[in-house]
Every structure is written in structure tokens, then in C-alpha cells.
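Engineer: In the order they appear, the protein sequences are chains R and D.
Sequential numbering from 17 applies to the first sequence in my numbering.
Sequential numbering from 796 applies to the second sequence in my numbering.
These stretches of chain R come out as covered by chain D in the derived footprint (C-beta under 8 angstroms, 3 or more residues): (1) 80 to 91; (2) 94 to 103; (3) 108 to 115; (4) 119 to 132.
Simulated from the structure, these hints should not be mistaken for lab results.
None of these values were measured; they are calculated from a predicted model.
Every residue gets a Cβ at the ideal spot worked out from N, C-alpha and C, and that includes glycine.
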Amino acid sequence: MARKFGDRAAMSQPMVSIRGLKKSYGPTQALKGVDFEVPKGQVVGFLGPNGAGKSTTMKVLAGYVLADEGVATVAGIAVGPDSVEARKRIGYLPENNPIAEDMMVLDFLRFVAEVRGVPKAQRRARLQAAIERCGLGGVLGKDIGQLSKGYRQRVGLAQAILHEPDLLILDEPTSGLDPNQIVEIRKLITELGREKTVILSTHILSEVENTCQRVLIINDGRLVADGAPEALRKGEGTVTVVVASRVGVNVEADKVRAVLEGVPGVTRVEPSEGEGGGSLGFALRYQAEDPRRGVFEAAVKHDLLLLEMRHQQVSLEDTFRKLTARAEVRP
Amino acid sequence: MNGSLAIARRELSAFFNSPIAYIVLCGFLLVAGWLYFSTLFLGGQASLRGFFSIAPVLFVVFAPAVTMRLIAEEKKAGSLELLLTWPLEEWQVVLGKFAAALGLVAVGLAFTLPYAFTVSSLTAQPGTFDWGPVVGGYLGLTLMAASFLAVGLWASAVSKNQIVAFIAGLLLCFALYFVDKVAPLFPDAIGGLLQYLSVDYHFENVARGVLDTRDLLFYASLTTGALLLTTRTLAAARR
Ligand SMILES: Nc1ncnc2c1ncn2[C@@H]1O[C@H](COP(=O)(O)OP(=O)(O)O)[C@@H](O)[C@H]1O
Ligand SMILES: [Mg+2]
Chain R
17 MARKFGDRAA
27 MSQPMVSIRG
37 LKKSYGPTQA
47 LKGVDFEVPK
57 GQVVGFLGPN
67 GAGKSTTMKV
77 LAGYVLADEG
87 VATVAGIAVG
97 PDSVEARKRI
107 GYLPENNPIA
117 EDMMVLDFLR
127 FVAEVRGVPK
137 AQRRARLQAA
147 IERCGLGGVL
157 GKDIGQLSKG
167 YRQRVGLAQA
177 ILHEPDLLIL
187 DEPTSGLDPN
197 QIVEIRKLIT
207 ELGREKTVIL
217 STHILSEVEN
227 TCQRVLIIND
237 GRLVADGAPE
247 ALRKGEGTVT
257 VVVASRVGVN
267 VEADKVRAVL
277 EGVPGVTRVE
287 PSEGEGGGSL
297 GFALRYQAED
307 PRRGVFEAAV
317 KHDLLLLEMR
327 HQQVSLEDTF
337 RKLTARAEVR
347 P
Chain D
796 MNGSLAIARR
806 ELSAFFNSPI
816 AYIVLCGFLL
826 VAGWLYFSTL
836 FLGGQASLRG
846 FFSIAPVLFV
856 VFAPAVTMRL
866 IAEEKKAGSL
876 ELLLTWPLEE
886 WQVVLGKFAA
896 ALGLVAVGLA
906 FTLPYAFTVS
916 SLTAQPGTFD
926 WGPVVGGYLG
936 LTLMAASFLA
946 VGLWASAVSK
956 NQIVAFIAGL
966 LLCFALYFVD
976 KVAPLFPDAI
986 GGLLQYLSVD
996 YHFENVARGV
1006 LDTRDLLFYA
1016 SLTTGALLLT
1026 TRTLAAARR
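Chain R with its partners taken away, still in its complex shape:
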């Protein structure tokens, strides 16, 4: 009975929980109160302009930086100065990937496996798995200092997954890579995301659109948005329609406009260009709910012919720019 209860508690427990996190470096307030949770298995993109506080949040989670206020837990264990248990469950790729230049790739990975306490019996298999996964087979004998940036990043990733952690924290894993390398690393992250909880930071939008189930946008030390990439984008948009009468008579602009204004989700209707021949065009603005279905149903109901319906979302880029506008004004 007790055990069952414990299991349920473990299942509902988020992989990451951050509450009221604050951190200052001298006079610079890097985090001004950050709260979020990440359930097990989610791939989260941490998005924000430079200096927003992404790295600081990740460093706190990884146990490198100590927060001034607030609590951060990984798998229910508080991170902090003595958080060896929490650190065991984390694979961390710091920004700029500061790994030993002077070591051979294989030696380095062996060393990490040892330091990480991977049991001797499993060490070979784990090393093999990480090497294969990150495509390092061809460079095992090279010094890390000689590797290209892409390969270096793979070594950083291999180092982070060797001990099969529950949580991967990747700070700007694709920064400084060329486009081909970016595609490869993204593919690798997507694969890893199938079985692990991943938090990755980036200041590149397309990165989160392609790889993440959820986006957290941080700006100036605070979270300003949280949701699926589509949801953040879906919030607003415009549907442009061109309608004509189905039964051959000229449609009355006012009447059609009233019909469209009645469609759920539509917040504003503006006339736009029709196609001639008695057709009328309208631009429907919406804030939260995509009205296309309603438009179709209304057209059927009122004997209108839907000649054209075009959907234009506000791009994630626009959302991002709007949410982080203040940062760009700052010097």
C-alpha cells in the first residue's frame, strides 16, 4: 500500500521544479524570480535574448551556481552545494563546452564515466552506446583540442549522456556551428528527447520550433511566456476570406460582415479585396481562437460560397520580439 502510494508520488513528480529563483552577480540581477516545472519526458526550449538569464538558470539547475533565493529541484531532490544525488541524474553541456583540450576523446570519455561512477561492468557498454550515438567512432584517438567545433560538441553531448541521466541540460548546444553541423546536432537532440527530459537554451527561434514541445521565453531575468511553439504562435492571426453568394444574387456587404463578426473567436472584421464578380473580401482578426472552422460553418448556414480562405499566423518571431522588446531597447 505504502509502496503504491510512493510510486504514484514519483510519477506525478516533475523532473524539474523551480520556484522563486533569484540570483544576482554583484549589482547585476540575473534572475528576478523564475518559476516553472518540467514534467518527465518533455523537451523544453529555453529562449531569450543574450543576457536574459538562460545560462544562469541552467547553471543553478546543474548545481554550479547557487541561487540567492528560491528552490530548484531535480527529480524531487533540491540542487545546491551538496547536491551530489541530484547531480547524478543530470547530464550537463555548459555553454561553450569547456572540455579538456589535452585529452584524447576516448580517454576523456573513460575519465568521465569513471568520475560519474558508472559501474565497471557497464562502463564498456555505456561508452560504446554514447560513442555510437554521437558518431564519435572515427575520432576516438584524436585530442579534443584538434576536433572541429561540431565534433567537439558531440564529445560534450557524449559526456552528458554517458551515465544515462534522466535530465539533460544543454546550454546553447548549436551555437557557433555551421548549418550542417546544426542539423546533425539537432537530430541528435531530437533522438535523445524521445527518452529523456531535455532543457536546451538558444537564442535562435527556429531551433525551438523544430525540436521542442514547449517553449519558455525568458527576458531580463523573468519568464515572459510558456507554451507549445504552436500555441505561442497560434495566439493571434488573421484569416482572409473571399465570399460570394451561392444562389446567384449579389451579397450584401453589411450582412456578410455581420455574419462574420458573429463567428466565435473573431475579434475584428475589416473589408479587404474581393475578386470581382460580386464577391467580397474580408480580413478577420483573432486573438486566441482560430475561427476558420466557424467561418466555414457560417458560410454554409448563410448560403455563402467560400472562394478563398487564407490563414496567417503571427509568427513566433513576432511574439518573441514583442515579449522581449524591452531587452532590445536596453543599451
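Here the structure of chain R is known, so what remains is to put chain D with the ligands in place on it, guided by the hints.
Structural biologist: Frame of chain R, contents of chain D with the ligands only:
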């Protein structure tokens, strides 16, 4: 413990993969050899005392040269961030690095053993050579090296810059060596204290082949104290 072992092994192989380690080691052996044989030829004495009386100065330079890189370099390269996010306590990291440094010094010392044998066979009638001072001397050197290395490691934890770490370590070790030399200038009470604080004073006791717990306790507390300080400094890097 396993974590410390992994760190120690990694550092030792890093030592022996870098030319600097060989240069430092060769320098040490050359100077040690010179000290051994110069006392023999110049002084014509049938004793190792000459070497052991100067050896502490050698370690004042050698120990910080061995430790300067150990933490400063990780700070500079940023790899300290990775190190501190591995599931290790800070003391494990410090212990591992210290063990590697001590290992390197032990190798250096082991290479001077042939000198000792040569000198002793040249100077002694078979069966008359007194091994006490040799054993005592090497024990003393090891204890002294350990304390100097611990101090040097702290210097390396304080700075980001290897050279600064070396100079700071050198000055600290020199102070620990020199402090009893100024003891006669002070009143007895202070002089006694200064003497007690001197690494060299205790070394002379041990090197004479007299094992006194007070001397052992001195080295143990100096080494442990410096390592604890290093651990605290390293922990403070978490900001
Ligand atoms: N070690 C540090 N010392 C002083 N200020 C820092 C340090 N690290 C980060 N900061 C400051 O904290 C803020 C947040 O930085 P960071 O978390 O690195 O942002 P991001 O990763 O989103 O670019 C920035 O203003 C940055 O200048
Ligand atoms: Mg950053």
C-alpha cells in the same frame, strides 16, 4: 573515493603527457643530484646530511611548480564548471589532485634514491653506513613535500593564472621554510612559536631519524589544514 582516484589518475596522465612535467622533473633531478654530489666532493663528508639540509629549499620551488596548474588551469579554461557539476564533493576533487601531485613528487624522490645509494656506498665502509638518516630524510622530505603541495594547491585554487599560483605558492612555502630562521630575533615565547610553525625545523627533527609525534602532527595538521582551505576555496567557486 573512486571519484578522487579517477581525478588523480587523470591528472597524473596529464602530467606525463605534457613536456612541462618532464622539464620540472629533470630540473629537480639535476639540482638534487648536484646537491648530493657537491656536498660529497666539496665537503668530502661521508654523510647525506648535506643534501637533506638543502633539500627543503628545493621543494619550496618544486612543489608549487607541480601544483600551479592543477586548479588554476581549470578555472581559466572553464572546465571547472563541468568538474563542479559532476557528482563529486569538493574534497574528493581536492584529494584527487593532491594525490596526483604527491604521486609525481614521489616519482621524483624515487629517482633520487640511486643518488643516495651511490653516495652511501662511496662514503661508507660496508656494513657501517647508518641508514637511519636516509630513511628519516626521505620520510621527512615526503611529509614536507605533502605540506608544501597542499599549500601550493590552495594557491592554485585562489588564482586563475598559473604563474600567479606558482609565485603565491612559492612565497607561502618559502615563508613556512624561513620562519624559524628569524626566531632568534624575537623573545623566547614568540621565537618558540615561530620555530614550531617552521616546516624546516620539523624536517630537521625527522631527518635526524628521530620520530616525534609532535613533528608528525605538525605536518599532518598543516597538510590537512591547507587541503581543507583549498576545499573551501573551491566550493566558493560555485558563487
Ligand atoms: N559570472 C558573472 N558575473 C557577473 N555577471 C554575470 C555573470 N554571469 C552572467 N552575468 C550577467 O547575468 C545576466 C544573465 O546572464 P546569462 O544567464 O548568462 O544570460 P543568457 O545565458 O541568457 O545570455 C547578464 O546580464 C550577464 O551579464
Ligand atoms: Mg547564455
